[in-house]
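Enquirer: Now for the letters of each chain:
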Amino acid sequence: MKLVGVSGALAGDKTSVAVGSVLAAARHIDPRIEIELIDLRDYEIEFAAGLPLAAYNEDTWNVVKKIQSADFLVFGTPIYQASLTGALKNLFDHLPEHAFRNKVTGMVATGLTEKHFLVLEYHLGSILSYFKGLIPTDNVFILNDNFDPETDEIMDKRIMERIRKLAEEMIQLQNGILNRD
Amino acid sequence: MSEIVILSGSPSENSRSEKVLRYLGERLEQQQFSVTHISVKDVPAEDLMFGNFKSPDVIRIAEQVGQAKGVIVGTPVYKAAYSGVLKALIDIMPQDILEDTPVLPVMTGGSMSHLLALEYALKPLLATLKGVNLKGLYYMDSQLDKSAEQPIVDEDAFLRTEKQLDYFIRKVGREQATRV
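Chain order of the listed sequences is A and B.
Each residue of the first sequence is one higher than the one before, starting from 1 at the first, in the UniProt record's numbering.
Each residue of the second sequence is one higher than the one before, starting from 1 at the first, in the UniProt record's numbering.
Don't read these hints as lab results, they were simulated from the structure.
Treat each hint with caution, since some may be false.
Unchecked claim - Heads up, simulated SDA-like pairs for lysine to any residue below, C-alpha to C-alpha not over 20 Å straight-line:
no.: 1; chain 1: A; residue 1: Lys115; chain 2: B; residue 2: Glu119
no.: 2; chain 1: A; residue 1: Lys115; chain 2: B; residue 2: Leu144
no.: 3; chain 1: B; residue 1: Lys79; chain 2: A; residue 2: Lys2
no.: 4; chain 1: A; residue 1: Lys115; chain 2: B; residue 2: Glu63
no.: 5; chain 1: A; residue 1: Lys115; chain 2: B; residue 2: Lys146
no.: 6; chain 1: B; residue 1: Lys79; chain 2: A; residue 2: Tyr122
no.: 7; chain 1: A; residue 1: Lys115; chain 2: B; residue 2: Gly110
no.: 8; chain 1: B; residue 1: Lys135; chain 2: A; residue 2: Ser83
no.: 9; chain 1: A; residue 1: Lys2; chain 2: A; residue 2: Ser83
no.: 10; chain 1: B; residue 1: Lys146; chain 2: B; residue 2: Ala157
no.: 11; chain 1: A; residue 1: Lys115; chain 2: B; residue 2: Asp154
This structure is a prediction, so every number in the text was calculated from the model and none was measured.
Extracted from the complex, chain A is given alone in its bound form:
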């Protein structure tokens, strides 16, 4: 079973750390799970303009293929303008309509203020639903203050527990989908 994490930040380490933590937690629960982190800082994704995927550069092609190869996924975004990043939305724009059918799609966000807590629930979640992703009941919102300012490690144990619970729920749900008759 392959779990792919996507970090939608183009600057800073926090979102990447957050997504990476979900991947690590999943691996800890079930060591057989194959994991991969797609950090959008490492790829040059072209702007989606309605062309067939082959018309774009190699990075765009590779990232879309990696996403399609996943059994289930976790998406992370910093909160920009009370919303997900344009970089992540642009990546979604490259995907086919039912990209996440029969796939669990988890969500994590990093933000400066708890005022943006509902962005996952109302905004990113509705986009994942459009792609037919199954959204776990748990999601994780991490305040920037919960990261160590030097190392960008997550310092709050309660957050780590929420991440563990999210990973656990995602694995259970995905096993349910894959093992149904």
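Dock chain B against the given chain A, drawing on the hints supplied.
Expert: Coordinates of chain B only, in the frame set by chain A:
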């Protein structure tokens, strides 16, 4: 006929949001507006429960809201959205009841985490009724004191309130000017 209608969606007897709405009403009266307060508690529970749009109370409220020059709608945050009773009342109102009407949405909640319920739940609902939304006001319970004369005890929240009231009053004036 009242110029400003203030609609409270709180079912609670001793409500924080209603206390704020009362205060906003007083401030508008000081600015020479006539103000009518309406609460979901004014409608018989059975009318709301069974969607009785022929209820005389509902018809009267619909008339008052429909003819208002400006409307303030307030509700506590319940389960990351507006209260169910408020929605039950709005469900039996005409669908364009707020057409060309400036609307100031107001919400109170236990934490800042539900601030965006204003953006994702209450404002789209008011927009569906063709209301012209202002930015709106969100208060944390801790920013309010129900027993105080002026219930908005947090200074930042108070300043935001003043600003939104000012925008609201100006917008009501503008809509009036274009309608004539």
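Enquirer: Please write out, lowest number first, the hints stated earlier that are contradicted by the structure.
Expert: Violated hints: 3, 4, 5, 9; rest satisfied.
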